[in-house]
Amino acid sequence: MNRLALRRRLVNSVMLSLTGVCTAVTISVLFVILGCLIYNGAHSLNWNFFTKLPLPPGQEGGGLANAIVGSIEIVGMAGLIGIPIGFLAGVYLAEYEDKRFAALVRYVADLLNGVPSIVVGILAWTLVVLPMRTQSGLAGSIALSVMLIPIVTRQTEQFLREVPLALREAALALGASKWKMIATVAVPAGSKGILTGMILGMARIAGESAPLLFTALNNQYWGGLREPTASLPVMIYKLAIAPYEDWNRQAWAAGLVLITLVLMANIAARLILARGVSVPRG
Amino acid sequence: MKTFSLALAGLFLAATAPWATAQKLNACGATFPDPIYKTWFGEFGKAHAGMQINYEANGSGGGVKGVTDGTVDFGASDMPMTDQELAAVKSGKILHFPTVMGAVVPIYNLAGVTQDLKFSGPVLADIFLGSIAKWSDKRIAAENPGVKFPNEDIVVIHRTDGSGTTFVWTDFLSKVSPDWKSKVGAAKSVSWPKGLGGAQSAGVTGLVKQTPNSIGYVELLYALQNKIGYGSVKNSAGTFVKADVASVTEAAAGAAKNMPDDFRVSITNAAGKNAYPISTFTWLLIPSKFSDPAKAKQVKELLHWVLADGQKECAALSYAPLPKAVVTKEEKQIDAIQ
Amino acid sequence: MATATAAVKAVKAPSPTGDIVARWVVLVFAASLLAIAVLLVYELFIGSAPAREKLGLWGFLFSSKWNPVTEDFGALPFVYGTVVTSVVALLISVPFGLGAAIFLSELAPAGVSNALTFVIELLAAIPSVIYGLLAIFTLVPLMRLYIEPFLKHTLGFLPLFQGPAYGVGFLTAGLVLAIMTVPFIISVSRESLLAVPRDQREAALALGATKWETTWQIVVPYAKLGILGSVFLGLARALGETMAVTMVIGNDPSVHASLLAPGYSIAAVIANEFSEASGKLHPAALVELGLVLFGLTMAINGFARLMIAATTSKGSRRP
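Protein chains in written order, with this note's numbering: chain W, 1 to 282; chain F, 1001 to 1338; chain R, 2001 to 2319.
Quick caveat, the hints were computed from the structure, so don't treat them as lab data.
One or more of the hints may lead you astray.
As the list claims (entries may be wrong) - Restricting the straight-line Cα-Cα distance to at most 25 Å, the calculated cross-link-like pairs of lysine-lysine (DSS-like) are:
1. F:Lys1090 with R:Lys2280
2. F:Lys1332 with F:Lys1273
3. F:Lys1090 with F:Lys1295
4. F:Lys1273 with W:Lys52
5. R:Lys2152 with F:Lys1093
6. F:Lys1297 with F:Lys1038
What the hints assert, rightly or not - Some chain R residues flagged as far from chain F (calculated, every beta-carbon gap over 12 Å):
7. Val2038
8. Ile2136
9. Gly2163
10. Trp2212
11. Pro2262
12. Lys2280
The beta carbon of each residue, even a glycine, is placed where N, CA and C say it ideally should be.
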């Protein structure tokens, strides 16, 4: 009996420690990534990097100002398109129970959430680039907004649903019309979560490179919504695979900038959402 | 809410309008001449205040597709457009304008090998076909006496995208190796028997630089700027020639005399004692008709500048300037642009 | 509440037109999602039509040629590469992910568990291209110089580990994908494990089981559907990954048995070739590949959601 008990206890300790090891390894990956980016990229984050335009290969001192501004323009535009649509669609799903239609929309939102980003790029190419007869920041924005909408929709719906029924009924009992109740009671009550969803969605699309590859293309100069535009994720790709060490250096710096933005947005979103992401045990 | 965002969108677009009036041209295409085009367009822009020519080097295939779909103002390619490609252009005619000549060189990454390597065409073909699999193969050693090769597998590196450089390389291999011609052929995009793929010339150079025992092919300047070893190639006269401005110019000598009217010509494996066998012209693909007369005017100015001032800058970047006869002929073609 | 008192002051009942308008407005926006999805599928079908007509669906899926010159296209190398890298990714990320999820749900105190989960979920937010950047400069040399030679030395008798050590290839791409999918597996598995009722655990412990035995033999099987759902979720994510994969897979459109060999994936070939594919058939073949990928990820995502829904809807599992 003792030998069996000992063996079971041994197995117990070993396996449980292994799970701890798995966790430790996974956590450490994040820090390794951050560490590499800081180590390789921090010293390239100088004034030039943020303010100068790229220079031809072989000439040092160029920067990625146009890519940073380009990303801001493209992602900003995507937000302008995607957030209103996603928000209102989420309101619909949470507040109006049309049974089958709502279920269909919900299913489609999840479907769109899982579409590979390169396929979204193909869609934007066909719908925007070809008719406009040019690559453009707008085409990139439309591609990104297709990815943003389902994220915002589901998050809005989820957090609106969590607003207590009592709150809504109180407003309705006091004579408010349904839309007024939604606008002045339900949405403000769920606003933290809804805002979180929007921030997380924007952070997600800010890092996307594939949909921009052939929609916004690239530009050595300042681009815009009507012409090819440089963007941070696409530039990281091009600079990373190039042979010039100066370009590789810039890729690290750009990667550091991008990951800082994305991680800060994620941390901010979670902090806004004061309640944690835990599920009570048992 | 949607009208609000549409209004904001309109504001955004309007806000970019001031930049739109500064004349801009969008071009894309070959990575082969990318270094000199970027230099040229930058200088042209400075000399003609307000002109911005955005050139995106996404490969000759991208240039051809761009002018075919009409998504760019002009394109660039190291492979002249085929009759089929020209027929697919909806908007009309495309004119070919050679701008410079250059060389495609075999680059390699071999630790411990300091000498310049020599390759003959058939050997290169067999390396890329896979029939010569290791650096220690006798056939490579036969052409490079005294060099100590490692007994390692050769890592072949080629392009992933539609590339004029690929066309020039495979065109040469097809001419010197019947095996290559039947199995693979010559085009911007081929079915490679083996190897890793890099995106654009920069990607291939990067991969060769990072991968030991590798061999690839790029335009000469990429090899020089990145201090990567490149080999000399045996030409049709039997000489092993290392690429430079003089040997490329010699390769183009025959074509200069007999340039066809549409400027579409191949100069690989050209005759000439010291001609570099993997040389090529590279072309700008210019639509014959522009819907915007202001753009047509700028493009013409650009072409005149390229054929005059531009040619003076070639040699510094190891591209060969065009022969005078070709320049004269091209000047006449500029008038055909409307 | 100011709004409530304002509403009380209203003498007549609020007119229904505001509600009707509001309802139609949100309905239209919700319908726009349907419109986008329909448009997407439609464009994929139309765009791939020339290829589907000439090459057919089955012929396309099982042909391993990719020859733009002869216009002979086949999806097999790309489907193979996509599947192989994803399978390799799961083989690595599922044990690690499940292990970490078990630690976070069973062993760690709630506060620590939440904090660590938050950190792990940050991994999911890192853009694909940054994983690629890191992979090129840190992982690939590591693979080429140490890990792949080691594998060849010890496991080289298997066809899986033969051939030159390039550094790039199926294995490296699978490894990068593993890191990218592990946060999803941890996050969803942890929630499924936490949802297992407390009495199940207590019953097992009361019968004298060790903590590990309880976890492995009672809790995990109970949460099996959710865990499986997380695996499929991770799989769907891995299938669609573009940038990180194309930077480390070698971009060779062939089917190789060895994991050390270079390959290609559907998303990677579209990213590399779409912007310059000309002619009628080449772009259509790429769009057809996009259609295949879309169908694959949709099916797997659908599966995943079904399984996750089954656990959270508390459909009781018969022990």
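Results of checking the hints against the structure:
1. Taking the CA atoms of Lys1090 (chain F) and Lys2280 (chain R), the gap is near 13 Å; set against the 25 Å cutoff, the hint holds.
2. Annotation: proposed proximity of Lys1332 (chain F) to Lys1273 (chain F) is violated, straight-line Cα distance about 32 Å (limit 25 Å).
3. At most 25 Å may separate the alpha-carbon atoms for a hinted pair to count; Lys1090 (chain F) and Lys1295 (chain F) meet this at roughly 19 Å.
4. Distance restraint check for Lys1273 (chain F) and Lys52 (chain W): the Cα-Cα separation of roughly 47 Å exceeds the 25 Å cut-off, and the hinted pair is therefore not satisfied.
5. Distance restraint check for Lys2152 (chain R) and Lys1093 (chain F): the Cα-Cα separation of roughly 56 Å exceeds the 25 Å cut-off, and the hinted pair is therefore not satisfied.
6. Annotation: proposed proximity of Lys1297 (chain F) to Lys1038 (chain F) holds, straight-line Cα distance about 20 Å (limit 25 Å).
7. Chain F leaves Val2038 (chain R) outside its interface by the beta-carbon criterion, the shortest separation being 19 Å against a cut-off of 12 Å.
8. With a least beta-carbon separation of about 8 Å from chain F, Ile2136 (chain R) fails to lie farther than 12 Å from that chain, contradicting its non-interface assignment.
9. With 12 Å as the threshold on Cβ separation, the claim that Gly2163 (chain R) sits away from chain F is violated: the shortest Cβ distance comes to roughly 8 Å.
10. Interface exclusion of Trp2212 (chain R) from chain F stands, the closest Cβ pair being 44 Å apart, more than 12 Å.
11. Against the 12 Å criterion, Pro2262 (chain R) falls within the reach of chain F, whose nearest CB is about 5 Å from its own CB.
12. Non-interface call for Lys2280 (chain R) relative to chain F: violated, since the shortest CB-CB distance, roughly 8 Å, does not exceed 12 Å.
Comparing the model with each earlier hint shows violations of hints 2, 4, 5, 8, 9, 11 and 12; every other hint is respected.
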